[in-house]
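Undergrad: Listed here are the chains, written in short residue letters.
2 protein chains.
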Amino acid sequence: MSQVADEGIMTIQVHGPVGLTSTGRVLITLFEKEVEHFEVVNVDMMNLEHKTPEYLKSQPFGQIPFIVDGDLTLYETRAIARYIEHKFGDQGTPLYGQTPEDHALTEQWLEVESHHYMGPVHDVVYNVCFAHLWGKKCDDVVVAAGMAKLEAVLDVYEDRLSATEYLAGSFFGLADMSHIPFTYFMIHLAHKGHIFFCRPHVNAWVAKIHSRSSTLKWLNMAGLAK
Amino acid sequence: MSQVADEGIMTIQVHGPVGLTSTGRVLITLFEKEVEHFEVVNVDMMNLEHKTPEYLKSQPFGQIPFIVDGDLTLYETRAIARYIEHKFGDQGTPLYGQTPEDHALTEQWLEVESHHYMGPVHDVVYNVCFAHLWGKKCDDVVVAAGMAKLEAVLDVYEDRLSATEYLAGSFFGLADMSHIPFTYFMIHLAHKGHIFFCRPHVNAWVAKIHSRSSTLKWLNMAGLAK
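Same order as they appear, the protein sequences are chains A and B.
Numbers 1 to 226, taken from full-length UniProt numbering, label the letters of the first sequence in order.
Numbers 1 to 226, taken from full-length UniProt numbering, label the letters of the second sequence in order.
The following block holds chain A by itself, in its conformation from the complex (with noise of 0.2 Å):
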């Protein structure tokens, strides 16, 4: 991570705290392609910064994070590290595999992360983690309902994950990107590892994920390190 706009070469800006599960899917994208040149920008969510009339002129929706790269500036952290992917396609990893096929089952799978995955992992991360950030309680009954759809959710990645080594195929992709930040919260920040240790293909599959060096670069630069 560098500026060096007085050289003229193009600083992508990330607006959003570097800690944050959604900040964390930008940032370990940029680091696996191999992206030299971009800075975080803090959003002071304690103090609603997120939510003033300034922020959301490039957040209508008033969440986190979003970049600027010249004159784009986008949002929705999935559409953000498909644009990294593109605009930097020729180095670091191929986060779409190789093939037309590879490319469909990650946009597959990154679905499937998106509408299946997320939504129970987050009632149970939020919940249990940092719902009294906020004055509020735990709910035990929605992280318990949570537990339940995720344990369905698992046994279907269990299958799937006992016929190829990653989501998409033999490929560490797009859609695996996607499942690291909040998978490492459930782990060592809810400590709901069990769901995943339980499962196998599962078990290893998350031990590959987190163990590669972009995700242990976010994890140094947020100081979560475990």
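Hints should not be assumed to be uniformly reliable.
Copies of the same chain look alike in the list, so a pair counts if it fits in one copy or across any two.
SDA-like cross-link-like pairs, simulated, lysine to any residue; straight-line CA separation at most 25 Å [stated by the list, open to error]:
1) Lys192 <-> Phe61
2) Lys57 <-> Asn203
3) Lys208 <-> Gly135
4) Lys51 <-> Ser114
5) Lys149 <-> Tyr126
Bear in mind the hints are in silico, worked out from the structure with no lab data behind them.
Given the structure of chain A, go ahead and fit chain B onto it with the hints provided.
TA: Chain B in isolation, oriented as in the chain A frame:
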């Protein structure tokens, strides 16, 4: 739509009821890309065919639709739409626009549809139009909450569409396409059109996306045209 397997031309199979919103996304995309060789294979949802072990081999989450294209089986409608756009990139409508920025913003607004628009719209349409089919009552509290969320989301759309003709820019793309089926159901089945009509730029956009020949072909095919 034609099946010409005996001439050696590959036919894409779309497994799902024609009139379902999710199948609609896939069929509208095929029409936009001027794909001639596909066939629809009905799935008997009322008899829970989509929950049978045989069906779950192709779509392990028991949802609808999936496609089969040669050796590739693919599910999640937005992933299927992207695949069709990539495979038939040189024909029909360029659903990612022309530039890297068009592409990035298409993905952003596709994610917005997925994470902000679909949830409340689904809550309204499901309760008003379909809950009774499963022996349930329309939950008025859920409908009211969905409408309130949608008001806020559509304020963002109105602002965006006051600056650009379509969501990602001056072109009809995948993000616009993805809104068509549920928006049509909101207006013509749930009779909640006022939430669109009262916003002039949203209203003009809805009129445009609903009058496309691809939309009309799907509605005719499904017997839904009004």
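Undergrad: Take the hints in turn and mark each one as holding or not.
TA: Hint-by-hint comparison with the structure:
1. Lys192 <-> Phe61: So Lys192 and Phe61 pass the 25 Å test across copies only (23 Å; inside, 30 Å).
2. Lys57 <-> Asn203: Answer is between: at 23 Å across copies they meet the 25 Å cutoff, but 42 Å inside does not.
3. Lys208 <-> Gly135: Classified as neither: same-chain Cα gap 36 Å, cross-chain 46 Å, threshold 25 Å.
4. Lys51 <-> Ser114: both (24 Å within a copy, 21 Å between copies)
5. Lys149 <-> Tyr126: both (16 Å within a copy, 21 Å between copies)
In this structure, only the earlier hint numbered 3 is contradicted, and the remaining ones agree with it.
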